[in-house]
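From just these sequences and the hints, can you work out the full model?
Line order of the protein sequences matches chains U and Z. FYI, the numbering for the first sequence is 1 to 331, going by full-length UniProt numbering. FYI, the numbering for the second sequence is 1 to 304, going by full-length UniProt numbering.
Just so you know, these hints were derived from the structure itself, not from any lab. All C-beta atoms in this analysis are idealised placements derived from N, C-alpha and C, irrespective of residue type, glycine included. Treat the hints with caution; some may be incorrect.
List time: in silico DSBU-like cross-link candidates among lysine-lysine, alpha-carbon distance up to 35 Å [as the list claims (entries may be wrong)]:
1. 104(Z) <-> 242(Z)
2. 184(Z) <-> 242(Z)
3. 215(Z) <-> 249(Z)
4. 215(Z) <-> 242(Z)
5. 170(U) <-> 245(Z)
6. 125(Z) <-> 202(U)
7. 215(Z) <-> 44(Z)
8. 125(Z) <-> 170(U)
9. 202(U) <-> 290(U)
Derived CB-CB ranges, DEER-like [claimed, not checked]:
10. 305(U) <-> 171(Z): 24 to 30 Å
11. 199(U) <-> 220(Z): 42 to 48 Å
12. 19(Z) <-> 174(U): 41 to 47 Å
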Amino acid sequence: MTATNTLAGPVNPGSWQYRQLNARAPGLSYLSDALSALVEDGHPVMAGTADLQYSNGLARFAARYPDRFIQFGISEQNMVSAAAGIATTGVMPFVATFASFLGLLCCEQIRMDVAYSALPVRLIGHHAGIALGFYGTSHHATEDLAIMRSIAGLTVVNPADGPQLAAAIKASADHPEPIYFRIGRGQEPNVYDDLPDFRFGKAIEHETGTDLTIIACGTMVHPSREAVRALRASGLSVGLIDMHTIKPLDRDAVLAAAERSRIILTVEEHNILGGLGGAVAEVMAEAGTKAVLIRHGIRDEYSLIAPPTHLYRHYQLDAAGIETVVRDILA
Amino acid sequence: MGAGRTLTPEFLAPETPTPETIAHLEERARHVRLETIRLIAIAKVGHYSSTFSCAELFATLYYDAMRLRHGEPRWPDRDRFLMGKGHAAVGLYPLLADWGFFPKELLDGYTRLGNPLGDHPDMTKVPGVDFSSGSIGHALSAGLGMVMGGRMMGRRFDVYVMLGDGEMQEGQVWEAAMAAAHQKAGNLIAIVDRNGYQLDGQVDEVMGIEPLADKWRAFGWEVHEVDGHDVAALATLFRRLKQDKTRRKPACVIARTLKGKGVGYMEREAGWHLGYLAPEDEAAAIAEIMGQPAGSAILQGDAQ
Numbered sequence: 001m002t003a004t005n006t007l008a009g010p011v012n013p014g015s016w017q018y019r020q021l022n023a024r025a026p027g028l029s030y031l032s033d034a035l036s037a038l039v040e041d042g043h044p045v046m047a048g049t050a051d052l053q054y055s056n057g058l059a060r061f062a063a064r065y066p067d068r069f070i071q072f073g074i075s076e077q078n079m080v081s082a083a084a085g086i087a088t089t090g091v092m093p094f095v096a097t098f099a100s101f102l103g104l105l106c107c108e109q110i111r112m113d114v115a116y117s118a119l120p121v122r123l124i125g126h127h128a129g130i131a132l133g134f135y136g137t138s139h140h141a142t143e144d145l146a147i148m149r150s151i152a153g154l155t156v157v158n159p160a161d162g163p164q165l166a167a168a169i170k171a172s173a174d175h176p177e178p179i180y181f182r183i184g185r186g187q188e189p190n191v192y193d194d195l196p197d198f199r200f201g202k203a204i205e206h207e208t209g210t211d212l213t214i215i216a217c218g219t220m221v222h223p224s225r226e227a228v229r230a231l232r233a234s235g236l237s238v239g240l241i242d243m244h245t246i247k248p249l250d251r252d253a254v255l256a257a258a259e260r261s262r263i264i265l266t267v268e269e270h271n272i273l274g275g276l277g278g279a280v281a282e283v284m285a286e287a288g289t290k291a292v293l294i295r296h297g298i299r300d301e302y303s304l305i306a307p308p309t310h311l312y313r314h315y316q317l318d319a320a321g322i323e324t325v326v327r328d329i330l331a
Numbered sequence: 001m002g003a004g005r006t007l008t009p010e011f012l013a014p015e016t017p018t019p020e021t022i023a024h025l026e027e028r029a030r031h032v033r034l035e036t037i038r039l040i041a042i043a044k045v046g047h048y049s050s051t052f053s054c055a056e057l058f059a060t061l062y063y064d065a066m067r068l069r070h071g072e073p074r075w076p077d078r079d080r081f082l083m084g085k086g087h088a089a090v091g092l093y094p095l096l097a098d099w100g101f102f103p104k105e106l107l108d109g110y111t112r113l114g115n116p117l118g119d120h121p122d123m124t125k126v127p128g129v130d131f132s133s134g135s136i137g138h139a140l141s142a143g144l145g146m147v148m149g150g151r152m153m154g155r156r157f158d159v160y161v162m163l164g165d166g167e168m169q170e171g172q173v174w175e176a177a178m179a180a181a182h183q184k185a186g187n188l189i190a191i192v193d194r195n196g197y198q199l200d201g202q203v204d205e206v207m208g209i210e211p212l213a214d215k216w217r218a219f220g221w222e223v224h225e226v227d228g229h230d231v232a233a234l235a236t237l238f239r240r241l242k243q244d245k246t247r248r249k250p251a252c253v254i255a256r257t258l259k260g261k262g263v264g265y266m267e268r269e270a271g272w273h274l275g276y277l278a279p280e281d282e283a284a285a286i287a288e289i290m291g292q293p294a295g296s297a298i299l300q301g302d303a304q
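Here it is in structure tokens:
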């Protein structure tokens with residue numbers, strides 16, 4: 001069966017790309033399904049991508065709503081500016097491509113046409129961080145949070161998993177500002193059950209601890225949670241906060257954790273400069289907390305080439321690595 | 001007008017503008033030039049010649065081609081106008097004020113602290129500006145987005161995007177050109193103000209863009225070349241484009257223009273992209289635009 005798509009060209013649910021999509025990256029279905037739910041709720045939503053409908057799963061949405069999907073081809077900057085134009089007509093556009101291209105290549109279009117113009121465009125940067133492993137530095141995005149965070153008027157969200165992404169997309173229907181969603185590759189284990197509570201700028205506290213609190217975002221929430229479980233099982237008082245919204249940052253959550261714990265450890269799949277660690281550092285420094293901050297992530301370098309799981313192990317961004325980092329700090 | 005067509009006001013308009021219309025459009029183009037001089041005198045520096053090259057385009061679009069409603073800058077079915085060459089906005093503001101989109105008094109504070117009118121148009125500050133501009137190369141993409149959004153919302157309006165000829169050097173223009181043809185955006189009209197100059201000199205010496213018409217045709221566009229200062233030719237062309245509701249190709253109008261048109265010393269001398277006029281030069285420019293002998297300085301007081 002081939003769905004005829006007047007805007008996007010054919011999407012063939014029987015194709016190998018489509019089957020691979022569902023088999024290898026089940027987490028990606030959340031994006032399309034959340035957008036479909038918005039359509040079903042009567043929201044004027046469109047989606048677009050730049051030759052990556054199978055990588056981000058929007059092929060599912062395209063097959064279902066062909067007239068609401070735009071295939072832009074490999075022209076990311078055109079896509080972002082066009083999304084701004086779409087938003088002027090009362091339609092809420094969601095445009096998705098690799099975070100490296102969206103957050104870096106399209107930075108100026110995002111600033112001028114989307115954020116400065118205050119248009120409700122939703123930007124989905126997927127395969128963020130080092131999730132594209134051996135595809136290399138061109139495809140890694142370890143700067144996007146720092147760049148997007150410095151653009152005024154832009155909400156920056158880094159959901160932990162598919163269910164939280166879906167919850168954030170649902171919440172975005174009533175969010176007037178443009179949003180940058182930073183997500184992984186759809187192969188991460190879920191942290192949450194379906195549609196967890198989600199409020200922009202309201203962090204989720206998983207555990208509280210006096211020795212150390214981990215503040216993690218995005219794909220780092222799951223391995224951090226595994227690490228925290230092991231650490232607590234061995235008698236350490238370690239807390240965990242899911243800081244899904246990087247901007248506006250939940251200052252109260254940071255300061256409460258810094259009041260309670262001797263040490264704050266940020267964990268992010270991003271350069272330790274300018275991203276989650278940078279944002280938390282600003283809050284702690286300005287408030288003059290007694291707690292010490294340590295930032296964990298990519299240490300201002302271009303990451304190596306390897307399969308993603310090997311990279312997470314190498315950079316101590318898997319559960320075992322994060323546990324080791326905490327034990328070394330507390331030793 | 002052929003028999004059998006729906007008699008909407010658009011179709012009732014004859015394709016060839018009347019002498020009265022032509023005179024009106026020429027007067028509005030003069031208004032654009034005079035206001036440009038008056039406003040830039042407030043800022044002390046501005047893009048005279050880039051605005052003079054598109055004065056007839058502004059006048060024809062805003063007083064003949066575009067479907068607008070007085071005092072309703074956000075009317076959802078209005079035709080849209082975007083500027084790639086946002087630095088000519090000084091010539092657009094007086095027309096937006098004339099349409100009742102904002103009080104005319106705002107013009108008097110052009111570029112002053114707290115005034116919304118700057119060298120480049122800002123949609124968040126100026127009612128009637130359909131899209132912000134300033135970073136060259138974005139506008140055609142944004143215009144295409146308006147076509148796509150309007151299509152999904154079931155609205156039919158035309159989207160006019162005025163581009164500089166130097167802007168043809170931006171890669172994003174050609175991304176948008178390719179996409180617009182692919183999406184059969186028949187209600188998207190690009191206008192290239194082919195005045196031949198950019199900041200660093202002659203366009204074709206800085207970075208050649210010819211054969212320009214062939215480039216647009218190769219990207220799947222219908223191309224029209226026209227004298228950009230002939231309001232009768234412009235009005236006729238834009239009316240024909242508007243009436244052709246079956247067009248599937250986006251249309252590119254290459255308007256051959258003179259940078260600095262209307263003021264002899266700007267037409268003859270390159271380097272007027274940005275400038276400021278001494279009082280005697282300003283008086284001479286105003287006199288020439290008004291069709292009076294050079295040297296007559298009767299309007300100098302009004303302009304300052």
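Evaluation of the provided hints:
1. 104(Z) <-> 242(Z): holds (29 Å)
2. 184(Z) <-> 242(Z): holds (16 Å)
3. 215(Z) <-> 249(Z): Given that 35 Å is the threshold and the Cα spacing comes to 14 Å, the pair holds.
4. 215(Z) <-> 242(Z): Roughly 23 Å between the alpha carbons, so the hint for residue 215(Z) and residue 242(Z) holds.
5. 170(U) <-> 245(Z): Roughly 38 Å between the alpha carbons, so the hint for residue 170(U) and residue 245(Z) is violated.
6. 125(Z) <-> 202(U): holds (31 Å)
7. 215(Z) <-> 44(Z): Answer violated: residue 215(Z) to residue 44(Z) is near 38 Å, above 35 Å.
8. 125(Z) <-> 170(U): With Cα atoms ~30 Å apart, residue 125(Z) and residue 170(U) stay inside 35 Å; holds.
9. 202(U) <-> 290(U): Holds - the C-alpha atoms of residue 290(U) and residue 202(U) are around 23 Å apart, at most 35 Å.
10. 305(U) <-> 171(Z): 24 to 30 Å: Holds: the Cβ-Cβ distance is about 29 Å, inside 24 to 30 Å.
11. 199(U) <-> 220(Z): 42 to 48 Å: Holds, at about 46 Å.
12. 19(Z) <-> 174(U): 41 to 47 Å: Roughly 55 Å apart at Cβ, these two residues miss the hinted range, so it is violated.
Hints 5, 7 and 12 from the list above are not met by this structure, while the remaining hints are.
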